Every structure is written in C-alpha cells, then in structure tokens.
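**Student:** Spelled out from the first residue to the last, the chains are:
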Amino acid sequence: MNGFPLVFSNPWGALALLGLPAVVVIHCLQQKSRALKISTLFLLERHGPDSKEGRRLTWMRGSPAFWLQVLCILILTWLLLEPRWIRTNAVQRVVVVVDSSLSMEAFKSDLVERIASRLHSLTSLAPRTYWTLSDTDSSHPQLYEGFDLGEMEEKLRTWSPSLPYHDLSGPLELARSLAPPEAVVILVTDRPREVPNGVDLLEIGEPIENCGLVGLRLSGTGDDLGWQVLVHNYGQKPAHRNWWIEMEGRKTDPEPLDLEPGHSKVLKGKFPPGLDRLTVCLDGDRFSLDDRMPIARPVPKRLSVDLRGDDSSMDLFVRLTQTLPALAAARPGEPADLAFVTIAPQTLIPEDTRSSVVLFNDPGSHTALEGEPFVVENDPLNEDLNWQGLIIQPNAPIKPDPRDHVLLWKDHNPVIYIRTLSGSHQQLIFNFNFPASNATRLPAFVLLIERFLETIRKEKSAPEVGNTELSEQISLAADAHGGTVTMSDSAGNKSSLPAQPRMSVRAPVQPGFFSLVQDGNSLFSGAAGFGDARESDFSPSATGDTLTAHQARQVELNTRSDMFTPLWIVLIGVLLISYWAITRLRQS
Amino acid sequence: MNSLLGDEGRLLQKKKEIAFLSEQITLPFHSRSWRGVSGVWQGRNQGSSIDFQDHRAYAPGDDPRHLDWAAYARTNHYMMKLFREEVSPRLDVVLDVSESMRITHEKEMRTLELLALVLGAALNDGINIRTYAANSGGRWKFLENPAALGLQSLQQFDTGASRDGRLPLMQIPWRAGSLRVLISDLLFPQSPDAELASLMRENGRAVVMAPYLLSEAQPDWHGNLELHDCETKEVRQQRVEPFGLVRYAKSYRRHFELWQEAARRHSIPLARISCELALGLALRQQALPAGVFNVRH
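So the sequence lines, in the order shown, correspond to chains A and B. With this note's numbering as the guide, the letters of the first sequence map in order to residues 1 to 588. With this note's numbering as the guide, the letters of the second sequence map in order to residues 1 to 297.
Simulated from the structure, these hints should not be mistaken for laboratory data. Keep in mind that a hint or two might mislead.
What the hints assert, rightly or not - Partner residues are not named here, just some residues of chain A that face chain B (Cβ under 7 Å, in silico):
no.: 1; residue: 33
no.: 2; residue: 37
no.: 3; residue: 38
Stated by the list, open to error - In silico PhoX-like pairs for lysine-lysine, Cα to Cα no more than 25 Å straight-line:
no.: 4; chain 1: B; residue 1: 14; chain 2: A; residue 2: 37
no.: 5; chain 1: A; residue 1: 494; chain 2: A; residue 2: 108
no.: 6; chain 1: B; residue 1: 233; chain 2: B; residue 2: 141
no.: 7; chain 1: A; residue 1: 494; chain 2: A; residue 2: 155
no.: 8; chain 1: A; residue 1: 301; chain 2: A; residue 2: 494
no.: 9; chain 1: B; residue 1: 233; chain 2: B; residue 2: 250
no.: 10; chain 1: A; residue 1: 32; chain 2: B; residue 2: 233
no.: 11; chain 1: A; residue 1: 108; chain 2: A; residue 2: 237
no.: 12; chain 1: B; residue 1: 81; chain 2: A; residue 2: 37
As the list claims (entries may be wrong) - Covered stretches of chain B (in silico footprint by chain A; criterion: 3 or more residues with CB under 8 Å from a CB of chain A, positions within the stretch not fixed):
no.: 13; region: 98–104
no.: 14; region: 215–225
no.: 15; region: 246–253
Just so we're clear, the structure is a prediction, and the values are computed from it rather than from any experiment. Here a beta-carbon is modelled for each residue, glycine too, at the ideal position from N, C-alpha and C.
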C-alpha cells in the first residue's frame with residue numbers, strides 16, 4: 001500500500017482539474033471597461049488594482065464567484081475520480097507467472113524494472129498484498145511466496161527462462177486453480193499470448209533487431225562429416241554481422257555476413273579430421289542465445305546384435321543389421337544387446353536375458369494366405385503404421401501369455417506382440433509363418449523393428465554423443481545402483497541427479513557443450529544449441545496489459561466507496577445556488 | 001435644446017399639477033415672525049392690521065382714530081389701541097444648477113418641479129422672492145424672472161463651468177431675515193456645517209430640498225468601469241466588486257447622515273426628495289414630514 005488509504009477508481013477524472021486553469025484564465029481576462037457618467041465619484045473609494053487599458057490579461061482577482069467556481073471544480077474532480085477508501089483488513093492475492101520461454105532472455109536484464117510500475121500500482125489497491133511468483137516451467141518450484149514485493153523482485157532478478165516455445169495454458173490453468181477466486185493471476189510475457197479465463201496479461205516485450213543461428217544439420221559420417229547452420233535475420237533492418245568458428249581454443253578469422261530483413265543464409269563446413277567439437281559464432285546482439293551454435297561430432301549408442309536363424313532368414317537379418325543405424329553384429333565373445341532369432345513352430349521361445357526379435361519359420365505349412373482385416377492396438381510402437389497390406393497364414397504358431405502386449409490382431413489371434421521378460425528385456429514376436437508372408441515388403445515391418453531397437457537402445461547404459469536443443473529432454477539409462485549422475489556444462493556449472501534406470505535429463509539452457517557422467521562413466525555428452533526459430537522472432541513482441549479491467553474489480557473488493565459522496569453533491573448544488581444568488585445580487 | 005417634456009400636453013398637465021399643489025402648500029413662514037414690507041404676514045412690530053396687540057397711553061400726535069373709548073370710560077385716561085404690523089416676508093431661493101443636477105432626465109425634472117413649487121407657493125402668499133442660480137464651481141447669478149422660464153431645462157440657468165466642487169453660498173447676497181431655500185443634491189465633499197452656516201447668515205432661516213436618484217444611492221456598477229465625474233471631469237478606471245459597492249452605499253448613507261445631523265443642529269428642515277416618485281407622493285411622503293413645506297389651511 002502507498003501509505004494513504006485511498007484509491008481513485010477513475011484516474012481519468014483528474015482531467016476535470018483542467019477546469020482550474022480555464023477558470024483562472026477566464027478570470028484573468030480583463031473585462032472591457034464600461035464608461036459611466038456619475039455624480040458621486042468622491043464617495044467611491046479607490047480599492048483594488050485598476051484595470052489596465054490595452055491589455056487582454058490582468059492579474060487575477062479573488063472574487064467570490066472565482067472561489068466558488070474553483071471549489072466546484074475541486075469537488076467535481078473529487079467525485080469524478082471516484083475515490084474509494086481501502087479496507088484496513090483486506091489482503092490482496094497476486095500470483096505472478098513468468099513466461100519461461102527462451103525469448104524472455106532478451107528482456108531478463110531489466111525485467112523487474114519493466115513490471116515494477118504495474119506491480120506497485122497493484123499494491124495501492126489493498127493494505128496488504130500476498131505475492132506468489134512462479135514460472136511456466138513446471139519442473140521449477142515456486143519462486144517466492146510472501147508479502148514482500150521487494151524480496152519477490154530480488155527473486156525475479158535471478159530468474160532465467162528455461163524452455164523453448166511451449167504451451168502456457170497448463171501452467172496458467174494450474175496457477176489459476178490453485179489461487180483463490182478473488183486473486184489476480186498475471187502472466188508476464190514478451191508477446192501477445194492466449195491466456196485462460198481469469199488470467200491477466202502483462203506484456204513487457206518490444207520488437208528488437210535479432211539475427212541469429214537457428215538451425216543445425218549434420219550430414220555424412222566420419223571424416224566426411226559436414227555441418228550446416230542456418231542464419232536468419234528476424235529484424236526490420238539489414239543485418240551486418242561477422243561470423244567465425246571456434247574450435248579447441250582457436251578461432252577462425254571473422255567473415256562478414258550481410259542479411260536483408262527476413263532473409264536466411266546457410267553457413268556450412270566440414271568437421272576437421274580428428275576434431276569432435278566446434279562452435280559457430282555470430283556477432284552478439286540483445287538476444288544472445290542464438291549467437292553461438294556449438295556442434296559435437298555425434299556418436300550414437302551402438303547396439304550389438306546376435307543373429308541366430310536359418311539360412312532363409314539370415315539374409316534378412318544381415319540386411320536389417322546393415323540398414324538400421326548404430327547396429328552391428330556382435331563380435332565373437334561380446335555379449336550382444338539384441339538377438340534376431342528364427343525358430344520353428346511348437347518350439348519354445350528362448351527366454352535368455354537379452355531382448356530379441358523372434359520370427360517363425362514353418363516350411364511345412366500350406367495354409368491359405370489371408371490379408372486384412374487386422375486390428376491395430378494403440379501403442380507408440382504402432383503409431384502411424386499401416387498393417388492392412390500384410391498377407392499371412394492365419395494359424396498362429398503359439399498362444400500368447402499374460403506377459404504379452406499385443407500390437408496387431410487377426411481375428412482372435414495375436415499376430416505381433418511384445419513379451420516382457422525379467423530384467424526389463426523384451427521380445428518382439430511375429431506370430432506367423434514369416435517366410436510365407438509379405439512382411440518384408442511392408443514399410444511398417446522395418447519401422448516397427450527400428451522403433452523396437454530404439455526402445456532397447458534407450459535402455460542400454462552406454463556412452464553417447466549428440467546435439468540437442470537448449471533445454472531438450474534427454475533420455476538416459478543409468479545404473480540405478482550406481483552413484484549420482486553429474487551434469488557439467490562448458491560454463492563450469494555442475495549439477496547432480498539421483499540415478500534411475502530410465503532418466504530424463506534436460507539439456508542446459510545456455511548454448512554450449514555438456515556431459516552427463518555416472519561414476520566416471522560417460523552417459524551422454526554433446527552440444528546444446530538454440531533451435532527454436534519462433535523464439536528468435538521478436539516482431540510480435542509488444543508492451544501492454546489487461547490489468548485495468550481487473551484492477552477495477554480489485555478496487556471493489558478491497559475498498560469501500562466514499563460515504564460523503566451525497567454530501568459533496570449537495571455541496572455542489574449549494575455552491576451553484578450561491579453563485580446564482582451572487583449573480584442575481586449583482587444584477588439587482 | 002431638448003425639451004424635457006417633449007409633449008406639450010404633458011407639459012401643460014404638469015404645470016397644472018404644480019399650480020394645484022402650490023395652492024395646497026406654503027413655505028414654512030409660520031414658524032416665526034418676519035420683518036419686511038407691508039404684506040399679509042404678521043410682522044414683528046405694530047402695524048395697521050386689524051389684529052389687536054396691546055394698549056399704551058395716548059401721546060400727543062397719535063391718531064385719534066385708534067383711541068380706545070371704552071377704556072377711557074372705565075379709566076378716565078386716554079388709551080391707544082395698538083395693532084400688529086402685517087408684513088410681506090422675503091424669500092431667497094438658491095438653485096443648484098451643477099452638472100450633477102441634470103445627470104438624468106428625472107433629476108433635472110424633479111429639480112425644476114421643486115423650484116416651480118417653491119415659487120408658486122411663495123407667489124400665492126405674495127412673498128418677495130429673489131432667485132439665484134449657483135453651481136459647484138463657485139459661480140452664481142441672479143435670476144430676474146425664474147418663474148417665467150417654466151419647466152424647460154436647468155441649462156438655461158447655466159453659470160459656467162463647475163470645477164471647485166463647492167456652492168458659493170457665502171457669496172450670495174442674502175437679504176436680512178429672509179427665508180433661504182436651497183434646492184441642491186448636496187453631492188459635494190465639503191463639510192455640511194460650513195454650507196448650512198452660510199445659509200443662516202444675516203439672521204435668516206433656511207430649508208433644504210435635496211432631490212436624489214435611486215441610481216446614485218444604489219448603483220448597479222459591476223466589473224471594470226471607466227467612471228467620468230460629471231462635475232470635476234475626472235476619469236477613473238476602476239473595477240467595482242460587490243463588496244466595494246457595499247462600501248460605496250455605506251459612504252453615500254454616511255454623507256447624507258452628516259447633512260441631516262448638521263441640519264438638525266442648525267434647525268434647518270432638510271428633505272431628500274426622490275426623483276423617481278410622483279411629485280405629489282414625494283411631497284406627501286418626504287417633503288411635508290421633513291417640514292420644508294407646510295399644508296396650507
């Protein structure tokens with residue numbers, strides 16, 4: 001509260017004060033002299049300043065009419081301002097939700113100054129205000145809760161955005177539902193956003209000239225590994241920048257780069273042999289996140305495959321091994337991560353400790369082939385796969401058991417299913433006479449196997465090198481019985497996470513290289529770069545708010561109207577009548 | 001010269017009204033005994049009227065027609081009957097012809113009406129009249145035959161420019177023991193005592209008739225005014241506010257209160273006669289109560 005227990009619900013009413021200078025000017029205008037011939041001049045005393053000839057203005061005289069008019073204007077201003085007295089026991093709840101989108105980084109340095117005036121104006125609406133500060137990153141705890149606005153502002157000064165472009169409705173609806181109905185919920189963002197009902201918008205952005213590195217593409221492998229980085233000018237003016245490459249402490253000579261507004265350019269090059277990391281840099285501007293693009297030579301997590309099949313299916317297995325990425329036949333003596341297995345019907349499926357892809361081969365079966373219809377289960381592995389072109393012999397070699405999760409049905413028979421073994425190993429079983437089918441001709445077959453391999457790859461705890469976007473979720477398979485997982489970034493920041501078999505770790509918010517290590521073993525290392533072109537475009541950024549309408553409701557909640565308003569109205573009436581009476585008195 | 005009454009009929013009607021009123025009133029001669037030439041008023045000395053005054057012993061040379069034979073029969077002494085002298089009093093009229101007296105048509109008209117009334121009433125009583133015109137510039141002149149001028153304009157009595165703000169009452173050749181009638185609005189800043197003392201010189205008596213305007217007593221001035229004094233010709237730029245107007249009204253009242261007090265001290269009847277009221281009404285309500293006229297019996 002500002003110390004004075006009074007607010008004006010209609011500040012525009014202060015415009016009525018303009019009537020004061022108008023009245024003063026009118027009273028300063030010199031009345032035109034009227035010539036009179038009189039016989040009693042000796043009885044009229046000289047009083048007050050005489051009027052001056054040839055002047056339009058003269059010094060104001062404090063006539064009763066003047067002071068009545070001034071009083072009328074002051075009372076009218078008071079009434080138009082709609083004064084309301086603040087209830088001494090009222091507590092206002094204000095929930096401030098800060099947009100955690102990375103574009104807010106451009107305004108982070110003076111974020112508090114940008115919102116301070118609006119927040120301070122809210123404090124005048126109630127004797128006490130209970131503040132809650134959070135951001136739209138649901139992984140973050142609440143930043144502040146309490147009555148001290150200054151302390152909340154200090155928390156806000158140390159806050160940083162952490163997410164790429166994301167849907168704000170979830171965090172905002174959560175904030176709205178947790179807050180009392182009369183609370184003010186404010187989203188602080190840098191551009192117009194759709195907000196749920198009951199949430200006010202406080203836009204603190206502005207269009208800025210931004211030119212940045214917004215996309216990375218790698219091509220080739222090994223010594224032929226090439227990189228392409230997209231540069232885009234999102235500003236309204238031509239951009240003149242320099243760009244260069246930093247690698248292992250060295251720096252190439254800056255090269256000029258000119259971009260017209262809205263234009264893009266691709267910077268490209270090849271990884272020098274033996275070099276695993278480099279950074280493409282651009283001259284800095286106000287939005288710094290897209291001025292550096294770190295690139296790491298990617299090294300995927302390799303899966304070793306044990307091929308166990310007859311001659312007819314071995315050719316298929318070899319081709320799959322050569323086609324699918326980061327897959328290789330297990331070397332002799334090496335424990336394989338996966339097995340491709342072909343078995344005969346009525347044979348028990350081997351339940352060794354590894355995951356496997358199981359096919360059946362029944363050369364003696366001559367059952368007629370049948371096609372659709374197939375019933376596809378809703379499963380991520382099945383997403384967008386078309387199995388209706390599959391032609392199989394309908395007799396299922398084996399019956400499923402409770403451990404199975406069916407992916408595809410033919411009538412009542414499971415055609416493809418996942419069996420979960422102990423130790424979280426899984427088997428992908430094609431429950432039909434595989435050689436007699438046309439499965440190998442269906443894209444769905446290869447895609448399903450690739451997705452299955454990816455699930456196994458995620459489960460494998462092994463070193464991996466990759467390029468991620470800022471704050472991207474990285475899936476990790478760590479040793480649950482091992483030590484904590486430590487993340488280190490190129491800025492020297494370190495953070496530890498408890499180890500879990502399946503972890504999801506968020507990449508750093510600042511561009512740079514980082515690594516995830518457990519017990520000295522690398523789980524993931526790579527580069528985090530800016531990749532969300534929507535956040536680089538500041539053309540829709542704006543300044544504004546929707547607090548005004550809400551402010552009126554808060555005023556009603558926390559204040560009471562001036563009980564003397566009828567008295568002021570009567571007083572105005574009395575003044576008007578007095579003025580009329582004085583005028584009449586003069587005339588008479 | 002503009003006629004104050006443009007219509008001859010109205011002028012005639014006004015003259016008739018004044019003639020009628022002058023027959024109903026007299027000047028206040030009954031308040032004392034007068035000396036003068038033979039006339040109809042009782043004189044201070046013995047005379048030839050039929051009013052018995054006293055007896056005295058006969059002295060040789062007395063007119064034997066005035067012997068009181070009845071007293072001789074009672075006392076055996078010759079006694080002479082003495083009768084009161086009948087005189088014709090003297091009236092000196094001073095008419096203020098300053099600019100202020102003709103500042104409006106009503107005031108000029110009322111002044112002329114009062115003069116006509118005074119002259120008419122005096123002529124009816126056969127009183128010896130002398131009329132003077134004077135202005136606040138200290139100028140005066142004797143008017144040979146004022147009654148013949150009628151109700152025309154004060155300007156024909158003009159005595160020249162008026163700058164001093166004072167009537168020359170000390171310079172008027174008052175006749176001894178005469179009744180002095182001053183017709184003036186009294187709007188000059190001099191002390192009333194000095195002016196009234198001038199009226200009382202030479203053992204005279206006086207009455208004062210002061211015509212006034214409501215617009216002088218309660219003017220409607222407001223705002224910036226360029227005020228021209230009609231007599232001194234002074235021009236003053238002044239802003240008049242309501243409170244200033246109140247102070248003016250107070251000064252105006254005080255001015256005439258001083259005149260009234262001085263008139264009472266000198267036993268001079270002073271009547272302020274409104275210019276806005278009808279003449280008969282003004283006489284009845286203001287002049288007669290003040291004693292400047294008496295009702296003729």
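**Student:** Each hint: holds or not?
**Tutor:** Hint check results:
Taken as an interface hint, residue 33 of chain A checks out: its beta carbon lies about 4 Å from the nearest beta carbon of chain B, inside 7 Å. The interface hint given for residue 37 of chain A holds, since its Cβ lies 5 Å from the closest Cβ of chain B, which is under the 7 Å cut-off. Interface restraint check: residue 38 of chain A against chain B, minimum CB-CB distance 6 Å, threshold 7 Å, status holds. At most 25 Å may separate the alpha-carbon atoms for a hinted pair to count; residue 14 of chain B and residue 37 of chain A exceed this at roughly 28 Å.
With a CA separation close to 23 Å, the supplied pair residue 494 of chain A and residue 108 of chain A stays within the 25 Å bound. At roughly 23 Å between alpha-carbon atoms, residue 233 of chain B and residue 141 of chain B fall within 25 Å of each other, so this suggested pair holds. Restraint check for residue 494 of chain A and residue 155 of chain A: satisfied, since their Cα atoms lie roughly 21 Å apart, inside the 25 Å limit. At roughly 24 Å between alpha-carbon atoms, residue 301 of chain A and residue 494 of chain A fall within 25 Å of each other, so this suggested pair holds.
Among the hinted pairs, residue 233 of chain B with residue 250 of chain B is consistent with the structure: their alpha-carbon atoms are about 24 Å apart, no more than 25 Å. For the hint pairing residue 32 of chain A with residue 233 of chain B, the CA-to-CA distance comes to about 21 Å; that is within 25 Å, so the pair holds. The suggested pairing of residue 108 of chain A with residue 237 of chain A holds, with an alpha-carbon distance near 24 Å, which does not exceed 25 Å. Pair hint residue 81 of chain B plus residue 37 of chain A does not hold up; C-alpha atoms about 65 Å apart against a cutoff of 25 Å.
Counting residues of the region 98–104 of chain B whose beta carbon lies closer than 8 Å to any beta carbon of chain A gives 3, which reaches the threshold of three, so the coverage claim holds. A stretch counts as covered by a chain when three or more of its residues have a beta carbon under 8 Å from one of that chain; for the region 215–225 of chain B and chain A the count is 8, and the coverage holds. Check on the region 246–253 of chain B: 4 of its residues sit with their Cβ under 8 Å from a Cβ of chain A, so the three-residue criterion for coverage holds.
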